[in-house]
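> If you read the sequences in order, they're chains A and B. So for the first sequence, my numbering puts the first residue at 1; every next one is plus one. So for the second sequence, my numbering puts the first residue at 1001; every next one is plus one.
Watch out, some of these pointers could steer you wrong.
With a straight-line cut-off of 35 Å between C-alpha atoms, the simulated DSBU-like cross-links for lysine-lysine are [what the hints assert, rightly or not]: (1) B:LYS1007 with A:LYS101; (2) B:LYS1007 with A:LYS61; (3) B:LYS1007 with A:LYS49; (4) B:LYS1065 with A:LYS49; (5) A:LYS49 with A:LYS68; (6) B:LYS1065 with A:LYS61.
Hints in this document: simulated from the structure, not taken from any laboratory.
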Amino acid sequence: AQSVTQPDIHITVSEGASLELRCNYSYGATPYLFWYVQSPGQGLQLLLKYFSGDTLVQGIKGFEAEFKRSQSSFNLRKPSVHWSDAAEYFCALREGSGTYKYIFGTGTRLKVLA
Amino acid sequence: SAVISQKPSRDICQRGTSLTIQCQVDSQVTMMFWYRQQPGQSLTLIATANQGSEATYESGFVIDKFPISRPNLTFSTLTVSNMSPEDSSIYLCSVGQTGQGEQFFGPGTRLTVL
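Could you build all of it, start to finish, from the sequences and the hints given here?
Written as structure tokens, this is what we have:
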């Protein structure tokens, strides 16, 4: 069955430090993959997406993610975290063409220390 | 991306009552979805709102409990019927376009049932 796993429930980093949030998926073919961010009391904002092609994708707010088929991973990275990045981050998988339904990971809550 | 609004943004309701949540988009969209996010949890798809026909519900969700309307390509409603405290959640609508992979989310409706 298709699934998305975010192994880290909470992550704390210092402002200015680098960040990597992990996402692993289970899917029989190449999935469509997404990262969303949810600030407190807000809806979800799309950070970036991977459909095909270049495995390193750039997103908004200085985020990037790398698709690694061999590891079934789509980890989110940022070289220098800002205090405003504190939020919940969700990885999501959309099954290939023909369906538009998402499967979400359980989320990683990021805390940024000043 | 589309601008999505939801009404109400939050509500506190009594057990046994019903609440209708509205989702309005500033442009015509092909796909509309309703999600539930229980406290501290990830997002779970309730149903796909189909324009001009009955919604398509996911396993565990039924029309009697979560009736959905979608009279046109810019508007949908979700009703939470006969509410219990277990229905306390954030309810989010999302939209997408056929042929494009990503979904865009509304700000959510925070529902508390006493």
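> Does A:LYS49 pair with A:LYS68 here, judged by a C-alpha cut-off of 35 Å?
holds, 14 Å
> Sort out whether A:LYS61 lies within 35 Å of B:LYS1065, counting only the CA atoms.
violated, 39 Å
> Keeping to a limit of 35 Å between CA atoms, is the pair of B:LYS1007 and A:LYS101 held or broken?
holds, 24 Å
> Hint check: B:LYS1065 vs A:LYS49, CA-CA at most 35 Å. Holds or violated?
Distance ~33 Å between B:LYS1065 and A:LYS49 Cα, so the pair holds.
> CA of B:LYS1007 to CA of A:LYS61, is that 35 Å or under?
holds, 28 Å
> When you check the alpha-carbon spacing of B:LYS1007 and A:LYS49, does it fall within 35 Å?
Distance of about 28 Å is within 35 Å: holds.
The structure fails hint 6 only (numbered hints given earlier).
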